[in-house]
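*Asks:* Protein chains in written order, with our numbering: chain X, 1 to 161; chain W, 1001 to 1263.
I should point out that these hints are in silico values taken from the structure, not numbers from a laboratory. Computed from a predicted structure; not experimentally measured. All residues carry an ideal CB built from backbone N, CA and C; glycine is no exception. Wrong hints could be hidden among the right ones.
Stated by the list, open to error - Short derived list, chain X residues pointing at chain W, Cβ under 8 Å: (1) Arg20; (2) Ser43; (3) Val57; (4) Lys58; (5) Met62; (6) Glu66.
Unchecked claim - Computed footprint of chain X on chain W; a stretch qualifies when at least three of its residues, placed anywhere within it, have a C-beta under 8 Å from a C-beta of chain X: (7) 1003-1009; (8) 1026-1036; (9) 1099-1106; (10) 1151-1162.
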Amino acid sequence: MTEIQMTVNGKAVRGTVEGRTLLVNFLREDLRLTGTHVGCDTSQCGACTVHVNGVSVKACTMLAAEADGADVRTIEGMAAADGTLSNLQQAFQDHHGLQCGFCTPGMVMTAAALLKENPKPTEAEVRQYLEGNICRCTGYHNIVKAILAASGQDVSAIAAE
Amino acid sequence: MYAFDFEKPSSIAEAVAALKDEDAQALSGGQTLLPTLKQRLASPSKLVSLGGIAEMQGICHNDAGQICIGAATPHARVAAEVAANYPALAALAGGIGDPAVRNRGTIGGSLANNDPSACYPSAALASGAVIVTNARQIAADDYFQGMFATALEEGEIITEVRFPVPQSAAYVKFEQPASRFALVGVFVARFADGVRVAVTGASENGVFRWAEAEAALSANFAADALDGLALPADGMIADLHGSAAYRAHLVGVLTKRAVTNAA
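For reference, chain X alone in the conformation it holds in the complex:
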């Protein structure tokens, strides 16, 4: 067993994990932060995407012990303390960027990483960046629209589908 400590959504946390404990299991089962989802568990679907030291990673394909000392941000850390949604989360709601919602935590975390790197992406750049996030409901259209809207771009010309 390994002692680990890290900062999760601004809060210092610690725990004792097995070598094989995945970061996503530490977040969900030890910290009870169940907003981060496990979809495929094979690093294909991106539902488990979180930020580690400022960049997106698939939490199902990183050992918890590898995140020792890291600064981690999950979907629970995206809204303000009073529950006010972030600009990006609000855009997902406004533009109906989700249906069942299972992929949404990963979509939001990946989109946040994109907008940090590229504050005004084109539609093609958004679609490319979502390559590792799979949604089986929406057909992606409104997810892309929400991300473009969150970047401050006019999406009124993009038809709803």
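Could you slot chain W onto chain X? The hints should help.
*Replies:* Frame of chain X; chain W shown alone:
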């Protein structure tokens, strides 16, 4: 995953010592190794993380004009930091997997694994890169020894990869539509003393150089210099994604595209 111990040394020497234990396995970005362990295809007694070794991180240039990439440098960082000096290599790194995978996966991990469909082996072989380990330096031409096979000895760690920078280069891959691995990928690098062409994804023996194409392109660096050249389907990978003949054909098509992009 079967249970294993975990160690995270902070120097190459400590990592080498930790890997002397029986069934110890090095862990770099883990983007291949962790899925492999989840499927219980391997059962190491201990994983030795290479992620805490500062001397294996980052990118610099040496006096010979080579780009030196620390083996534990993730793809995203290579994509961003070599874009100005070796754009074809940056583009290759920026096209591996997806953004989250590129933030974890490393060049050293990719080369140590030598997946027959991985992108990096083609860049290393076409560039004539030098694979630096804790023990020695290995020329790319001697390093790749077949599918998932390399010149690395048990417990030997890649610490750095040194890339000579060609006059011009390009990498073109045809993605397998489900996995997005290269069904076939071709890296063409034009140096003052000749052209090197390395092919990934196609051969049952892993990455290889296409000697006939290199000769033709060294004489005339143009896509039509490859007219009439064809690889035999013999020894090409055949699976439900593409027959051996299809892959052999793709090598020719993609080599032409790479030459056009590099010209």
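*Asks:* Just pull the numbers of the violated hints for me, sorted ascending.
*Replies:* 10
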